[in-house]
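Knowing the structure of chain A, use the given hints to seat chains B and C on it.
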Amino acid sequence: MHNNKHVDIQAVAQLAQLELTEQQARDFGAQLERVLEAFAALDAVNVEGVEPTTHPVPLPCPRRADEVTPSMARERLLDAAPARDEASFVVPRVISG
Amino acid sequence: MSYEAVIGLEIHVQLGTRTKIFCGCSTAFGAPPNEHVCPVCSGQPGAMPVLNAEVVRYALRMALACGCDVRRDSRFARKNYFYPDLPKGYQVSQHEKPLAEGGAIEVLHEGERFSVRLNRIHLEEDAGKTTHDGPGHTSLVDLNRAGVPLIEIVTEPDLSDAAAAAETMRTVRGIVRALGISDGNMQEGSLRCDANVSLRPVGQRTLGTKTEIKNLNSFRFVQRALEFEIARQRALLDGGGQVVQETRLYDDARGVTLSMRSKEEAHDYRYFPEPDLPVLVIAEAELAAARAELPELPLARRQRFIDVLSLTDDEASELVRERELGDYFEAVVAALGDADAREIKRAANFIRTELLSRIDDARDAASARVAPQRLAELLALVRADRVSSKLAKTIFAKMWDNRRSAEEIARAEDLFVEQDSAAVVAEVERVLAASPEEVAQYRSGKTKIIGYFVGQVMKATRGKAPPQLVNQLLREKLAGDD
Amino acid sequence: MAVRDEIGAALAALASGEAVLGDALDGCAEQIEARAADLGVFISVDLDGARARAAELIERDATRLADALPLCGVPVAVKDNMTLPGLPTTCGSRMLEGWQPPYEATIVERLRAAGALVVGKTNMDEFAMGSSNENSAYGPCKNPWDPERVPGGSSGGSAAAVAARMALGALGSDTGGSIRQPAAFCGVVGLKPTYGRISRYGLVAFASSLDQPGPLARDVKSCARLYAVVGGHDRRDSTSLTHPLGDVVAAASAGEGAIDGLRVGVLSQSPVQVAPEVASGVTRATRALAEMGAELHEITLPHAEHALATYYLICTAEASSNLARYDGVRYGHRAAQANDLGALYRQSRAAFGDEVKRRILLGTFALSAGYHDDYYLRAQKVRTLIRRDFEKCFSQCDVLLLPTTPTLPFRRGEKTADPVAMYQADAFTVPASLAGLPALSMPCAVAPAAPEQGRAAPLPVGLQLIAPALEEARLFSVAGALEAALDVDVDIDIAAGGDA
Chain A
0 MHNNKHVDIQ AVAQLAQLEL TEQQARDFGA QLERVLEAFA ALDAVNVEGV EPTTHPVPLP
60 CPRRADEVTP SMARERLLDA APARDEASFV VPRVISG
Chain B
0 MSYEAVIGLE IHVQLGTRTK IFCGCSTAFG APPNEHVCPV CSGQPGAMPV LNAEVVRYAL
60 RMALACGCDV RRDSRFARKN YFYPDLPKGY QVSQHEKPLA EGGAIEVLHE GERFSVRLNR
120 IHLEEDAGKT THDGPGHTSL VDLNRAGVPL IEIVTEPDLS DAAAAAETMR TVRGIVRALG
180 ISDGNMQEGS LRCDANVSLR PVGQRTLGTK TEIKNLNSFR FVQRALEFEI ARQRALLDGG
240 GQVVQETRLY DDARGVTLSM RSKEEAHDYR YFPEPDLPVL VIAEAELAAA RAELPELPLA
300 RRQRFIDVLS LTDDEASELV RERELGDYFE AVVAALGDAD AREIKRAANF IRTELLSRID
360 DARDAASARV APQRLAELLA LVRADRVSSK LAKTIFAKMW DNRRSAEEIA RAEDLFVEQD
420 SAAVVAEVER VLAASPEEVA QYRSGKTKII GYFVGQVMKA TRGKAPPQLV NQLLREKLAG
480 DD
Chain C
0 MAVRDEIGAA LAALASGEAV LGDALDGCAE QIEARAADLG VFISVDLDGA RARAAELIER
60 DATRLADALP LCGVPVAVKD NMTLPGLPTT CGSRMLEGWQ PPYEATIVER LRAAGALVVG
120 KTNMDEFAMG SSNENSAYGP CKNPWDPERV PGGSSGGSAA AVAARMALGA LGSDTGGSIR
180 QPAAFCGVVG LKPTYGRISR YGLVAFASSL DQPGPLARDV KSCARLYAVV GGHDRRDSTS
240 LTHPLGDVVA AASAGEGAID GLRVGVLSQS PVQVAPEVAS GVTRATRALA EMGAELHEIT
300 LPHAEHALAT YYLICTAEAS SNLARYDGVR YGHRAAQAND LGALYRQSRA AFGDEVKRRI
360 LLGTFALSAG YHDDYYLRAQ KVRTLIRRDF EKCFSQCDVL LLPTTPTLPF RRGEKTADPV
420 AMYQADAFTV PASLAGLPAL SMPCAVAPAA PEQGRAAPLP VGLQLIAPAL EEARLFSVAG
480 ALEAALDVDV DIDIAAGGDA
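Residue numbers (numbering that gives the first Met the number 0), protein chains in the order written: chain A, 0 to 96; chain B, 0 to 481; chain C, 0 to 499.
Simulated from the structure, these hints should not be mistaken for laboratory data.
In this text, a Cβ means the ideal position worked out from N, Cα and C, and glycines have one as well.
Zero decoy hints are in this set.
With a straight-line cut-off of 20 Å between C-alpha atoms, the simulated EDC-like cross-links for lysine to aspartate or glutamate are:
(1) C:K414 / C:E354
(2) B:K213 / B:E9
(3) B:K209 / B:E226
(4) B:K128 / B:D250
(5) B:K78 / B:E211
(6) C:K414 / C:E147
(7) B:K78 / C:D373
(8) B:K389 / B:E342
(9) B:K344 / B:D326
(10) B:K397 / B:D359
(11) B:K392 / B:E412
(12) B:K78 / C:D372
(13) B:K96 / B:D267
(14) B:K213 / B:D251
(15) B:K476 / B:E437
(16) B:K458 / B:D384
(17) B:K96 / C:D372
(18) C:K391 / A:E50
(19) C:K414 / A:E36
(20) B:K213 / B:D160
(21) B:K389 / B:E376
(22) B:K397 / B:E407
(23) B:K128 / A:E85
(24) C:K414 / A:E32
(25) B:K463 / B:E376
(26) B:K209 / B:D157
(27) B:K128 / C:D339
(28) C:K414 / C:D353
(29) B:K128 / A:E74
(30) B:K96 / A:E50
(31) B:K128 / B:E151
(32) B:K128 / A:D84
(33) C:K414 / A:D26
Some chain C residues judged to face chain B by a derived CB distance under 10 Å, without partners named:
(34) A206
(35) S208
(36) V328
(37) R329
Chain A on its own, in the form it takes in the complex (with noise of 0.2 Å):
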C-alpha cells in the first residue's frame, strides 16, 4: 500500500477542481505525504475478511410516501445564486458536441 509515498498532487487537485498554485503543491503535497506517512501503520493491521462500516449504527434505509410537498419558491432559489436569469442558473457556457 504504501510503496509509493509521493502522491501526483496535481492530479488529485485537478480531480477536486482546486487550483494550486506551485507554492500550495509542494506544500500541500508534502504535508499529504507527511500525513500519510503518520498513517501507514493502518498497513500492518490484519483486515482479512473484516467487513467495512459504512454505518456505524445499522438500520434500514426508512422510506416515505410518494407525496408531492411544495417546491421552494423558484425567486428564492434563483436570488441565493451568483449568476442567474429570469428562470435558470447560469455558468460560462459548457463546450458543446
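For chains B and C alone, coordinates are given in the frame of chain A:
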C-alpha cells in the same frame, strides 16, 4: 476479414412516480425551469435525502419481470463528478451492491425470439438539464429533472446488430409500460440508453476494444448510431487501424458518431457508500407483494393470443403493443362470451382497423368512446347475422360519434339485415332484368361478374340484404332459364 | 451537594415569578456586548431577534409557558453550520459568506419551539475542520479562560459562548471530537450523542457517517435539558434513530446511587502521551467514582492506536464529496472572472481555506482509483475492528472513562504548522466517533495558573465518558453524580477574562 459486432446497452428508465426519488418535488414533465426544486434536490447545504417508497416498488416490479435476483440488502453509493446540472457534485446511485442482478429480457426480432441477459438493475437519481444557448456565451441550468428517479438496466453484451439493439429498446419500452412504471417516452427522455459496441473476428471469443455511444434518445438513433459505429470500427480495423476506447456522441444531423475525448477528462468517479442513506433492506413479504402485482408481459401475452385465441403473429403483435389495447381486446372477447376463432379474429380486426384509426395513441383504448362491452354488442349482432360486416363498420362510426348502442342505431337507421326473403328475391330479379348485357356475359362463362350483381343488390337494399342469400339467389337465377 | 442545573433554575425563577422572561437574556446580552467581539465567539449575533422572540413569548403568557416550554426564555447559541433562516449560515467559510439558508434545521426548529432564544451563530473551524478554531475565515475564537489559548474546535465558539456566560446553552456538532474537545478546553459539559440520535437535517455536512450535533452547557443537567429538546427521531434524516430518548433530565440528577456497582472501564494504556495535569484530573475522577462504589476495570482498545488514521481517511473522503457542491453555481461564493466552467469551479473553490483544501485533497486521494482499497476501504475495515473493540469492552464495563484531550488548551499558532500534531489533539475523541457511540465531556479539574510553566491563567481539564449505543441516560447519570462529587469550580472571572 469478417467481423461480428458485440453490443451491450445501459438503459435508463425514468420511473413514473409522482415525486422525485429523495424529495417531495413533483416529477411532472414540461414545467418552466426550476419550478420543481427544493433544498434537497438543489443540493442546499445540510439538506438530506429520504427515499421514495414507490421508487422501490416500481424497480422491484421491473427486476421481477426480468427474472433478476433481488438483493435483500442493496446500498446507495455516491458517484462523484463535477457538472453544473449535478447539484451535489455527486450522483446518488448504486455501485457495489445494486438492487438486482442477473435476469434477462426476451426480445422478438424478425420473427426470432432471443434473450438479452441482464447484468444488473440499479436505482439512481437523474441529473438536471444544461442547455447551451444562454445569452453571452453561457449555459443555463434547470434542476427540474434533478432527482427524478431512474433505474439503470445494464445488459450483457449479447446483441450483435443495430436493429436488434433498437428492438431491445422497444421491448423495454413495452415492458415498462405494461408494468405501469414508466411511459417509456424516448422523446421526453424517460427512456434513453448508452450503447457499448466492439467488433471481433467471427469465431474469436475475446472481445475487441469497445466504444460507448452516449445518450441515445430515440429508437431510430439507437439503430443508426450503432450502424454507423459498427461500420466505422470495421473500416478502421480493415485499414489496419485500432479502435480507441472512448466515449462518443451521435450526431443525427450528420449521421455520425463523434469522439467526446477532447472534452472528457479521464473519469474517476470515486464511488463510496452513501452515508446519508442506510442499507436498502427488501423483506420477503415485500418481494411477494411485488410478485403478486406483476402483470403479464407483452411477449407472453402475444404468445397466449396466438396459442389460445388463434390470432396470427401480426394480429397478436399489434394488439399487445400497448397494455391498454390488449386489455380492450380481451374485454371485447370476454363480453362476446363463447366466441369461436372466427369471431375472435373479427374482433381483432375490428379493433385494428376501426378502433385504431380513431385514436392517436393505442394507450387511449382505455378511454375509447366505444367501450369494449359496446363493441361486443355490435359484434354479437354480426354473429347473429342481424347486421352485415360492412354495415357493422357504419354502425361503429355512428356509435363513436353519438355513443348510442349498436342496437339503437341499427333500429333507428333501419340497418338490420333484410329478413323478408321475398323482398330480396324481388330486388334480385329487378337487378337481373335491368342488366341483360351482364347476364349474357355471365352465362358465356365470365362468372366473376357475379360481384357486380351482388353490389347492385346491396346498393339497392342499402346493404341490408343478407349477402349469403343474395349470392344464392343470383346463382340460382343465373344458372336457370332466361 | 445541590445538583447544578442552571437552565432548570432559570425556568423555575420564571415559573415562580421571581424572574421575568428576558432577565436571563439580559445577563447574556451584557456578556456578549462586553466580550464577544474580542473573543471572536460569534459569526453573527442576533440579540434583537432574541429580544423579539422573548417579547412574543411574554405576549403568550410567559409564566404559564415556563411550565409548558422546556427551554422557555433560555438564551442559547447555535453553531454556524446549522441553518436558521433570517441569519446567514457561513460554516466559518468565505465560501458561504452571506448565505441565507432557505430552510430551518430540525434542531434549530426544536430549540425555538421549546421557547429558547437564539442569541447568535457561533464561530467555528471552517466546515468544522479543525481542533482549535483557528481555521475560521472570520478570525479565531479565543479561550475565555486565557485568550492566548485556543477554545478547541471545531465548536469553539459554542463552548466559549457557554463558558463566558453569553448563553445558558449551545448547540455544537461533533465529527471527531468537535463538541467534546472544546467543552474540555472551555470547562463546560458537552455531549456527542449516539450517531443518529439528533437529526442532522440542516447541519451542513462535513463527514456524514460521523457528524452528530449535540448540546453544550455549564452543567450536566442543563446539558440533558437541551438534549431532551433537540434529540429524537426526525423523518427528514434517514439515519435518524427511532428509539425513545428516555428521561435523561431525571437521569442527570439520579445521584450517587447510579454509581454503586457501576463497572467503569479505564484504559490500561494510552494511545498517546497525556499531560500530567490532564492525567491527574482524570485520576481524581476515577478515585471519586471508586469512592461512590464503582468497580474499576482496566480495559484495552487494541485498535485505538489506529483510530486517528482511520478517522482522518474516512472523514476526509466523505468531506471531499460533501464539499463538491460548493461550485459557485447555485449559492455561495463565485469567482468573478471565470470564462469557462473549469475556471469557474477552480477559482470559486479557491475561497476554501488551507485546512479545508488539505482535507479535500487527502479525501480525494483516499478515494481515487488505485488508492481506494488501500486507504478508504481499509480504513472502513479498521473502523469495524474499532467498533468490535468497544463491543468487547462494554461486555466488561458499563462506561468508559478517559481523558477528552491529551493536553490542556494549547496556544494559538502552536500547532498550525503541523497538521499531524494538530490531528493528535483528537486521539481520545475519534474512537467513539468511529463507533458511533455516545460520549460526554465534563470538567474534572482546574489546573491552576503556573507562570513558571507559561500558564498565565487557570485552565480547565476535561474527562470523557463513553457508553454503549443509545445509553445517553447512563452518561448523564454518571456525569451528574461525578459533577456533584468533584464540585469543580468552573466559574471564570469574565471581566478579568484572563487578560491579566
